[in-house]
Every structure is written in structure tokens, then in C-alpha cells.
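Asks: Please model the entire structure based on the sequences and the hints provided.
For the sequence shown, UniProt numbering gives the first residue as 1, with consecutive numbering after it.
These are calculated hints, taken from the structure and not from any lab test.
Small disclaimer: the values here were computed from a predicted structure and weren't measured.
Glycine is no exception: its CB is placed at the ideal position from the N, C-alpha and C atoms.
Be a bit skeptical, because a hint or two may be false.
[To be verified] Straight-line C-alpha distance at most 16 Å; calculated EDC-like pairs for lysine to aspartate or glutamate:
1. Lys-298 <-> Asp-207
2. Lys-358 <-> Asp-544
3. Lys-457 <-> Asp-396
4. Lys-127 <-> Asp-35
[To be verified] Simulated restraints, written as ranges between beta carbons of each label pair:
5. Val-201 <-> Phe-147: 43 to 51 Å
6. Trp-327 <-> Phe-390: 13 to 21 Å
7. Tyr-159 <-> Gly-244: 15 to 23 Å
8. Pro-82 <-> His-393: 22 to 30 Å
9. Thr-384 <-> Gly-356: 27 to 35 Å
10. Pro-82 <-> Leu-141: 24 to 32 Å
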Amino acid sequence: MTQVNFPVNPPPDASESTTRLITHSSHPPAWKVRDYFTFNTDHKVIGIQYLVTAFAFYLIGGLMAIALRAELATPDSDFLDPNLYNAFMTNHGTIMIFLWIVPSAIGGFGNYLVPLMMGARDMAFPKLNAIAFWLNPPAGLLLLGSFIFGGSQSGWTAYPPLSLVTANNAQTMWILAIVLVGTSSILGSLNFVITILMMKVPSMKWDQVPLFCWAILATSILALFSTPVLAAGLVLLLFDINFGTSFFKPDAGGNVIIYQHLFWFYSHPAVYLMILPIFGIMSEIIPTHARKPIFGYKAIAFSTVAICVVGLFVWVHHMFTSGTPGWMRMFFTISTLIVAVPTGVKIFGWVATLWGGKIRFTSAMLFAIGLLSMFVMGGLSGVTMGTAPFDVHVHDTYYVVGHFHYVLFGGSVFGIYAGIYHWFPKITGRMMNETWGRVHFVLTFIGTNLTFLPMHKLGLQGMPRRVAMYDPQFTSLNQLCTIGAILLGISVIPFALNAIFSWKNGELAGDNPWESLTLEWTTSSPPIIENWEVLPVVTHGPYDYGHDKSSLTD
1 MTQVNFPVNP PPDASESTTR LITHSSHPPA WKVRDYFTFN TDHKVIGIQY LVTAFAFYLI
61 GGLMAIALRA ELATPDSDFL DPNLYNAFMT NHGTIMIFLW IVPSAIGGFG NYLVPLMMGA
121 RDMAFPKLNA IAFWLNPPAG LLLLGSFIFG GSQSGWTAYP PLSLVTANNA QTMWILAIVL
181 VGTSSILGSL NFVITILMMK VPSMKWDQVP LFCWAILATS ILALFSTPVL AAGLVLLLFD
241 INFGTSFFKP DAGGNVIIYQ HLFWFYSHPA VYLMILPIFG IMSEIIPTHA RKPIFGYKAI
301 AFSTVAICVV GLFVWVHHMF TSGTPGWMRM FFTISTLIVA VPTGVKIFGW VATLWGGKIR
361 FTSAMLFAIG LLSMFVMGGL SGVTMGTAPF DVHVHDTYYV VGHFHYVLFG GSVFGIYAGI
421 YHWFPKITGR MMNETWGRVH FVLTFIGTNL TFLPMHKLGL QGMPRRVAMY DPQFTSLNQL
481 CTIGAILLGI SVIPFALNAI FSWKNGELAG DNPWESLTLE WTTSSPPIIE NWEVLPVVTH
541 GPYDYGHDKS SLTD
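Replies: Structure representation (C-alpha cells):
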């Protein structure tokens with residue numbers, strides 16, 4: 001029988017060297033490579049399956065983006081066929097949202113970390129968890145297969161009547177793909193809610209629950225409320241395309257505005273589905289690498305719940321130019337401004353945590369700080385668009401594109417990178433190369449700003465989005481954006497090589513290289529199949545960095 005020692009959260013009267021003896025005799029130490037290609041119910045395997053699959057789609061969506069920017073380097077349509085441009089534009093957005101950010105942030109990090117952070121051996125419903133993942137690859141294949149029929153060309157919003165008359169077979173495949181992804185999201189969200197509410201280790205109090213788990217809980221509740229509405233709208237659109245109904249056909253008595261309400265009731269909360277897990281990642285990385293307790297734990301946790309609630313009442317600010325009556329514009333302008341308040345609470349808490357901390361500028365921390373700066377930029381431009389008078393002027397211009405990408409690329413993607421650098425040692429047992437991590441950060445930071453900052457000026461000057469041909473006066477700014485997009489494409493290379501090399505040959509990490517206090521770091525790296533032989537005992541808070549251990553109480 002082999003015994004392995006690893007440190008756990010010590011009791012109040014224990015020394016720093018306290019260890020717990022764990023035996024690994026009854027369980028195999030790790031899964032084999034082939035197990036990651038099977039219907040596996042281990043939450044850690046499923047989390048890695050989500051992350052790797054989502055990154056593959058990220059590469060595909062990124063190549064589409066580079067092709068789009070290559071077309072936009074000149075005012076004329078001289079690189080992509082117009083129909084192919086429309087298909088790339090539609091599927092780039094669809095892939096990045098539904099097959100990259102949402103699956104990696106919620107499915108990837110959520111599945112891998114939530115049971116570990118809560119002291120559970122697995123998710124509440126392991127088989128349901130596996131089913132939720134395996135709905136995603138067919139959805140991706142449907143999207144890519146739609147190019148056989150020309151690809152969906154109606155934009156990622158699929159507004160009728162355009163979606164009713166362009167590439168109907170491809171549009172049908174697009175709808176089926178999104179319904180599959182939505183079903184996966186519903187199943188996964190139900191699993192997360194039950195796991196977090198019912199399966200935390202008995203010694204963990206609610207004010208000791210990691211903020212990442214609070215974020216996943218709020219995200220899951222939001223998904224359960226909003227995702228079925230999108231699915232209903234898409235099914236009705238599917239009927240209009242294929243079965244002769246007229247829910248959204250204006251020439252047959254249908255109402256296209258109803259579709260917009262159904263779509264945005266989900267798709268604005270979808271922004272929070274993408275960013276709330278990233279906020280949770282930020283709340284884990286910043287105190288760990290600043291060696292300082294998180295500022296305002298309860299305020300950050302409550303603000304997460306507030307975003308979940310208020311986020312359901314802001315969707316109409318996407319429809320200010322759709323004949324929305326004045327009273328409705330006023331209501332949703334106010335609600336949009338209100339939702340910025342809990343977001344500001346989080347940002348203030350993170351900045352206050354950094355202030356006076358003993359900051360370690362690791363790759364994870366660099367991406368977290370980069371996210372903080374760019375999300376503020378995206379948030380400020382979002383507040384401007386949340387006010388109806390301004391939004392009317394910049395609606396459907398490149399100002400919207402710049403804002404959206406600062407929030408979701410500068411926000412979500414930076415957060416995903418930060419999370420990978422932070423938890424890579426836990427997942428693999430090895431460290432990523434910090435030098436190449438810094439190279440990756442510099443290229444990504446410069447590329448992001450060079451690509452998306454000029455778009456705000458383009459929008460203010462009146463350049464419409466979703467067009468391949470434009471007025472020559474916009475050429476120079478578009479060429480800057482294209483150079484930035486190419487730089488972003490190049491930035492993926494050092495990251496991918498670093499991850500692959502480090503997984504096999506990186507420096508051994510030990511069980512807790514960051515000296516973190518959350519429960520996932522109290523087991524081996526990588527964890528054994530059922531996480532622990534003996535469940536851990538929580539004796540202090542997850543962010544009590546710098547506290548005198550003798551002062552901690554149960």
C-alpha cells in the first residue's frame with residue numbers, strides 16, 4: 001500500500017507543516033489518455049473535454065475572424081465571396097459565443113473546479129453531466145456542416161425575415177446546433193445548482209464558499225430562466241422555415257419584433273453567462289497572487305446574485321431602434337444603468353484587493369489585470385449604449401462591435417487564459433513556462449487593443465457593421481484592425497506550444513504551487529479519480545491570506 005502526503009487546510013492549532021495521510025490503494029491514480037475520448041462520468045475528465053473541444057472551436061472561429069479582417073483590409077470585396085463573407089461573419093460569432101466562451105467558462109472550469117472547491121467527489125448527476133458535454137460536438141459539426149449548403153448568412157442573431165429567405169438548409173442546421181447547445185446548457189446548469197446547494201462538504205459554511213462557486217450558481221440559475229426562451233423562439237423560426245407556419249413572417253401576419261424579444265431575453269443574459277464565471281475566476285486569482293484577503297467577500301457574492309436578477313430585465317436596450325415605445329426605452333435605460341452597479345462593486349473589490357498586496361506578476365495575474373483594464377473600457381462603452389439617445393446613433397455601427405469585443409474578448413477570453421495559467425498545475429501536475437506566458441500576454445494585450453479600439457472611432461464616424469464593402473475614408477482604421485487581428489492570431493501560437501510542451505515536460509508543480517487556500521489545492525495534482533480518499537475539513541476561509549493561523553476559528 002502506497003501512502004502519499006499532501007498539505008491540507010490546517011486546524012486552528014496546527015502548524016504550517018500539518019499533513020494528512022491519504023492512501024491511494026483503492027482507486028487508480030489517474031485516467032488514461034484514451035479515457036478522455038470516451039463517455040466518461042468523472043467531472044475532471046468532462047471539464048478537460050470541454051476545455052480542449054472549446055479551444056479547437058476557438059481556433060476555427062479565430063481563423064474565420066482573420067479571413068473577415070483580411071477582407072476588410074480594403075474597401076472592395078476582393079478576398080471573400082460576399083455569401084462566404086456573410087457565412088463566416090455569422091458562424092464566427094456563433095462559434096465564439098456558443099462553442100468557445102460558454103462551454104469553456106461554465107462547462108470546462110465549472111465542471112473541473114466546482115466539486116473540488118466544494119469538497120465533493122463528483123457532480124450530483126455524473127451521467128447527465130457527460131450527456132451535457134456530448135451534445136456539444138454534434139452541434140459544432142452541424143454548424144460546420146452547414147457550409148455544404150452555403151452556411152447560415154443571417155448573422156448570429158438570425159433575425160427574420162432575413163433568416164427565412166437565405167440558405168434555408170444551412171439555417172435549419174444552425175438552429176438545430178443552437179438548440180443542442182442550449183439543451184446542454186440547461187442540463188449542465190441544473191447539475192451545478194444541485195451540486196452547489198446539496199453537496200458541499202459539511203464543515204464548509206456558506207460564507208466560506210469560494211466566489212467562483214457563487215458565480216457558477218448565479219450563472220446556472222440565469223441559464224435555467226433564459227435558455228428555454230431562446231429555444232422556444234428558434235423552434236418557432238424552424239417551423240416557419242420548414243413547415244409553412246407564419247409566426248415571424250410579416251407578409252402572413254407574423255411579428256418579427258416578437259422574435260427579437262425572445263432572442264434578446266436570452267442573448268443579453270448570455271453576456272452574463274459568459275462573464276460571471278470569469279468574474280469568479282478573477283476572484284480566485286487576484287487574492288491568491290496578491291497574497292491578500294479578497295476585499296468585500298460578501299459584497300462580491302451578493303453582487304453576483306444581483307447581476308443574475310437585474311440581468312433578466314435589460315434585454316430591450318438591444319431594440320431601441322425597433323419601434324420601442326418611449327416608456328419602454330426609459331425603463332430599460334434605467335435597468336441597464338442599474339446593472340452596472342453590482343459590476344462596479346466587483347471591480348472596486350478587485351482593485352482594493354490589489355492595493356497594498358504582495359503582487360506576484362505571474363502569467364495568470366497579468367491576464368487578470370489585463371482583463372480588469374479592458375473590461376472597464378468595455379463596460380464604460382456599454383453604459384453609453386445603454387442610454388437610448390446615444391444608442392440610436394451608434395446602433396448597428398462598429399462602435400457596437402468594439403464594445404462587444406472589449407467585454408467578451410478583453411473580458412471573457414482574457415479570463416479563460418488567466419484560469420488556464422492558474423489551474424494548469426492542478427490539472428496536469430506541471431507548471432507552464434512563465435516566460436512564454438508573458439510573451440503570450442503581451443501579444444494578446446497589444447493585439448486586442450489594436451484590433452478593437454479603432455472600431456469605436458469607426459462607429460462614431462458612421463461605418464456600419466456586417467458589411468464587406470465600405471467607404472474608402474474608413475480604410476486606414478480598418479487596416480489597423482486587420483493588423484491587430486493577425487497579431488491576435490499569432491498570439492495563440494506561444495500559448496498552444498507552451499500548453500502542449502508543459503503538459504508533457506513542464507516543471508513539476510507539487511500539490512499547491514500558488515499556496516492557495518481553496519479546497520481544490522488540498523488534494524494531489526492532478527487529483528485522484530474520486531478527488532480525496534478522506535474528505536477535507538474546512539477550518540478557515542478561502543481567502544484568509546496573511547492571517548495569523550492561530551486566530552482562525554471554526
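Asks: A separate judgement is required for each hint: does it hold in the structure or not?
Replies: Checked hints:
{"no.": "1", "hint": "Lys-298 <-> Asp-207", "in the structure": "8 Å, holds"}
{"no.": "2", "hint": "Lys-358 <-> Asp-544", "in the structure": "14 Å, holds"}
{"no.": "3", "hint": "Lys-457 <-> Asp-396", "in the structure": "14 Å, holds"}
{"no.": "4", "hint": "Lys-127 <-> Asp-35", "in the structure": "15 Å, holds"}
{"no.": "5", "hint": "Val-201 <-> Phe-147: 43 to 51 Å", "in the structure": "48 Å, holds"}
{"no.": "6", "hint": "Trp-327 <-> Phe-390: 13 to 21 Å", "in the structure": "19 Å, holds"}
{"no.": "7", "hint": "Tyr-159 <-> Gly-244: 15 to 23 Å", "in the structure": "20 Å, holds"}
{"no.": "8", "hint": "Pro-82 <-> His-393: 22 to 30 Å", "in the structure": "27 Å, holds"}
{"no.": "9", "hint": "Thr-384 <-> Gly-356: 27 to 35 Å", "in the structure": "32 Å, holds"}
{"no.": "10", "hint": "Pro-82 <-> Leu-141: 24 to 32 Å", "in the structure": "26 Å, holds"}
In summary, this structure violates none of the numbered hints.
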